[in-house]
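Novice: Take a look at the letters that make up each chain.
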Amino acid sequence: MIRLNRRGFIAGAGAAATLPMLAGRASAADPVKIGYIYVGPVDDGGWTTSHERGRQQMIKALGGKIVSQYVDNVPESPDAANVLSDLANQGCKLIYATSFGFMEPAMKVAGDFPDVNFEICTGFKSAPNVSNYNGRFHEGRAVCGTIAGHLSKKGVGGYLGTFPVPEVVAGINAFTLAARKVNPKFTTKVVWINTWFDPAKEGDAARALGDAGVDVMTQHTDSPAAVQYCQSKGIPTFGQDNDQAQFGPDVVKTSTVLEWGDYYTRRAQAMIDGSYKPADMYEGIKEGLVQMAPLNPNLPADVAADANKTIAGWKDGSYDVFAGPIKDNQGNLKVPEGSKLSYGDILGINWLVEGVEGTLPS
Amino acid sequence: MSIDYLIAILITVVGASTPILLAGLGELVAEKSGVLNLGVEGMMLVGAIAGFATVDLTGSPWLAVVVAAAAGAAVSMIFAVLTLTLSSNQVATGLALTIFGTGLSALVGKPFTGRGIKAFTTLFPDWLANDRFGRAIFSYSPLVYFSFIMVGVVWWFLNRTRPGLILRAVGENDLSAHSIGYSVIGVRYAAVAFGGAMAGIGGAAFPLILTPLWAEGLTGGRGWIAIALVVFAGWRPLRLLAGAYLFGLLSTLELYAKASGSIYTAILPSEAWAALPYIATIVVLAVISASKAGAGNAPQCLGKPFVASG
Chain A
0 MIRLNRRGFI AGAGAAATLP MLAGRASAAD PVKIGYIYVG PVDDGGWTTS HERGRQQMIK
60 ALGGKIVSQY VDNVPESPDA ANVLSDLANQ GCKLIYATSF GFMEPAMKVA GDFPDVNFEI
120 CTGFKSAPNV SNYNGRFHEG RAVCGTIAGH LSKKGVGGYL GTFPVPEVVA GINAFTLAAR
180 KVNPKFTTKV VWINTWFDPA KEGDAARALG DAGVDVMTQH TDSPAAVQYC QSKGIPTFGQ
240 DNDQAQFGPD VVKTSTVLEW GDYYTRRAQA MIDGSYKPAD MYEGIKEGLV QMAPLNPNLP
300 ADVAADANKT IAGWKDGSYD VFAGPIKDNQ GNLKVPEGSK LSYGDILGIN WLVEGVEGTL
360 PS
Chain B
0 MSIDYLIAIL ITVVGASTPI LLAGLGELVA EKSGVLNLGV EGMMLVGAIA GFATVDLTGS
60 PWLAVVVAAA AGAAVSMIFA VLTLTLSSNQ VATGLALTIF GTGLSALVGK PFTGRGIKAF
120 TTLFPDWLAN DRFGRAIFSY SPLVYFSFIM VGVVWWFLNR TRPGLILRAV GENDLSAHSI
180 GYSVIGVRYA AVAFGGAMAG IGGAAFPLIL TPLWAEGLTG GRGWIAIALV VFAGWRPLRL
240 LAGAYLFGLL STLELYAKAS GSIYTAILPS EAWAALPYIA TIVVLAVISA SKAGAGNAPQ
300 CLGKPFVASG
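Protein chains in written order, with numbering that gives the first Met the number 0: chain A, 0 to 361; chain B, 0 to 309.
One chain only, chain A, in its complex shape (with noise of 0.2 Å):
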């Protein structure tokens, strides 16, 4: 900004005349702003780790087109409505709101700055200037559950929850539809720990999974201690956002990893043409947003196979895990036989399927 300033000062001194064209050139190809605001830490090896990257893809794929830059660890409180209305003020006209919990606080802002694009991650309210982009998470959950449903000897699986939120709602049903496809006796145990990152008490709360009998794992939080107490015991688990592979070498069968590098390169590139309109986005293991990191080899051969059919099913659509009939955890019907549940269910839905113990906090 200082520069442009300079250089319309000096253009104005040189050539009066020309300043308008001059600005109006300059203001064409002035760099557009982009700012994210993250729940945690860049480097917190999960969820904010893998938007971190896809904003370095863009940058890398855009260059001196755009600008960004985001704050981390921002509390999904009303402050954050104080960091987005700092990051509109400094000139940002799309921003990245990348948590659930940011969504209150963003339309809130996205009200003072009609200006300003806002997107929502996870989120579900709508305005004139907000979008909501999610990834449909629950289809790498399916082929974690695919995979954990042949490998638990008990049939007990452990889940550790953060917030009862339609994302973490869906994974853990489509984890258990998916492992009794496999094993119908197949139940999963749930612990809701209220929070997103605080590593000990994700390692405290596998424990207490490892503790109650479970021999297959999964979680929802975003630090790997879950995944290094899986593999101190030798319990099979997944990772999830990145590749974890490296803090359970043994354990960890495979990942979902998110990839939100095209997505905000391609959003970048039309705020640019000037193509930008605000929509919603919900993709998924076809359009590349989730994919599955590569499946340990030491995974048997027809476990492996089973894993691999339900990613090609979920690319040619011959596969849903949200295909009827399911019943909820009450034995009521939910989802009749040749019916399945639409992109808005799975993003609104608050019930657990058959073989969830226990209830959804309130």
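Everything labelled a hint here was simulated from the structure, so no lab data went into it. Hints should not be assumed to be uniformly reliable.
Estimated spans, in silico, between C-beta atoms of each pair [to be verified]:
#1 Ser-317(A) with Asp-125(B): 46 to 54 Å
#2 Asp-130(B) with Pro-74(A): 38 to 46 Å
#3 Ala-289(B) with Met-280(A): 52 to 60 Å
#4 Phe-123(A) with Ala-274(B): 43 to 51 Å
#5 Pro-124(B) with Val-66(A): 58 to 66 Å
#6 Met-280(A) with Ala-279(B): 42 to 50 Å
#7 Pro-124(B) with Lys-152(A): 24 to 32 Å
#8 Tyr-4(B) with Pro-293(A): 32 to 40 Å
#9 Asp-249(A) with Leu-122(B): 21 to 29 Å
#10 Ala-274(B) with Gln-68(A): 31 to 39 Å
#11 Tyr-277(B) with Pro-183(A): 35 to 43 Å
#12 Tyr-144(B) with Ala-322(A): 51 to 59 Å
Listed next, the in silico DSS-like pairs over lysine-lysine satisfying Cα-Cα at most 27 Å (straight line) [as the list claims (entries may be wrong)]:
#13 Lys-32(A) with Lys-109(B)
#14 Lys-232(A) with Lys-117(B)
#15 Lys-109(B) with Lys-59(A)
#16 Lys-285(A) with Lys-339(A)
#17 Lys-124(A) with Lys-339(A)
#18 Lys-314(A) with Lys-333(A)
Note that this is a predicted model, so its numbers are computed, not measured. Yeah, the Cβ is synthetic: ideal placement off N, Cα and C, and Gly gets one too.
On the provided structure of chain A, position chain B as indicated by the hints.
Specialist: For chain B alone, kept in the frame of chain A given last:
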């Protein structure tokens, strides 16, 4: 509920309680000398990254404990110079130390994220540490035994030694201690350094025994719990031990109750389980402050800057 399950719960409780006990003991000694250091969380994080980095680079967890203690003590000296020599406000300076420690650890920790280390293994041979019952006593990392020893050492030092008496005198009445020739500032420097070293070791307990990884904000606010526990314990080391384990027990029980499934919701809804540690803290604090020996036990000069006159 089998005996094996109870032992498993105990082992998790010990792990959850040890860092707050270590850091709390250090803060207790500092407060006994009259210094309120709210920088515990920051010092723990500095200790955590120092410990992690040492293991990552040298492979020695023992050296890591020493380095973590030194790092914690070193950052506590910034606080000491500001508050003791320059008489700045202890509350504000302590908060600043937490912010500084959080940022410093994140900066130093950058190259260490995404790496795993080998956790601090047990002191005892496998046949004891892996025994069905033996593991309840012998399966812990050396830091756990150290924390128990330090409870005894701190109690003995404060109540049975002359330097301990002087330290308490400085905390109770700095002017009197000064007038009979004790170095108030010198004693407080030493107490703050001890607090820093213990917070550093408490922080290092995270990567060394709980989660063998480094991540920004690894300690998750437990430094604040340690500070609260010192008040909760009425500045007594044995009560601090009880408080740390009560907190560890309640926060662990919540997770085990959830993991064992339907039994727990029959007793209490899950939100109540999550609130239990905090409810218990408030109840105990209320009981303590109602009793004569409780909150009145606070060192008289706690948080007051000392300026020698004449």
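Novice: Each hint needs a verdict: does it hold in this structure or not?
Specialist: Hint-by-hint comparison with the structure:
1. Ser-317(A) with Asp-125(B): 46 to 54 Å: Since the Cβ atoms of Ser-317(A) and Asp-125(B) sit about 50 Å apart, the hinted range of 46 to 54 Å holds.
2. Asp-130(B) with Pro-74(A): 38 to 46 Å: Once the Cβ atoms are compared, 45 Å apart, the range 38 to 46 Å for Pro-74(A) and Asp-130(B) holds.
3. Ala-289(B) with Met-280(A): 52 to 60 Å: holds (58 Å)
4. Phe-123(A) with Ala-274(B): 43 to 51 Å: violated (28 Å)
5. Pro-124(B) with Val-66(A): 58 to 66 Å: holds (60 Å)
6. Met-280(A) with Ala-279(B): 42 to 50 Å: holds (45 Å)
7. Pro-124(B) with Lys-152(A): 24 to 32 Å: Roughly 30 Å apart at Cβ, these two residues keep to the hinted range, so it holds.
8. Tyr-4(B) with Pro-293(A): 32 to 40 Å: holds (36 Å)
9. Asp-249(A) with Leu-122(B): 21 to 29 Å: holds (26 Å)
10. Ala-274(B) with Gln-68(A): 31 to 39 Å: holds (38 Å)
11. Tyr-277(B) with Pro-183(A): 35 to 43 Å: About 41 Å separates the Cβ atoms of Tyr-277(B) and Pro-183(A), which means 35 to 43 Å holds.
12. Tyr-144(B) with Ala-322(A): 51 to 59 Å: holds (55 Å)
13. Lys-32(A) with Lys-109(B): Given pair Lys-32(A), Lys-109(B) holds - Cα atoms ~26 Å apart, limit 27 Å.
14. Lys-232(A) with Lys-117(B): holds (14 Å)
15. Lys-109(B) with Lys-59(A): Holds, at about 21 Å.
16. Lys-285(A) with Lys-339(A): holds (18 Å)
17. Lys-124(A) with Lys-339(A): Holds, at about 24 Å.
18. Lys-314(A) with Lys-333(A): holds (25 Å)
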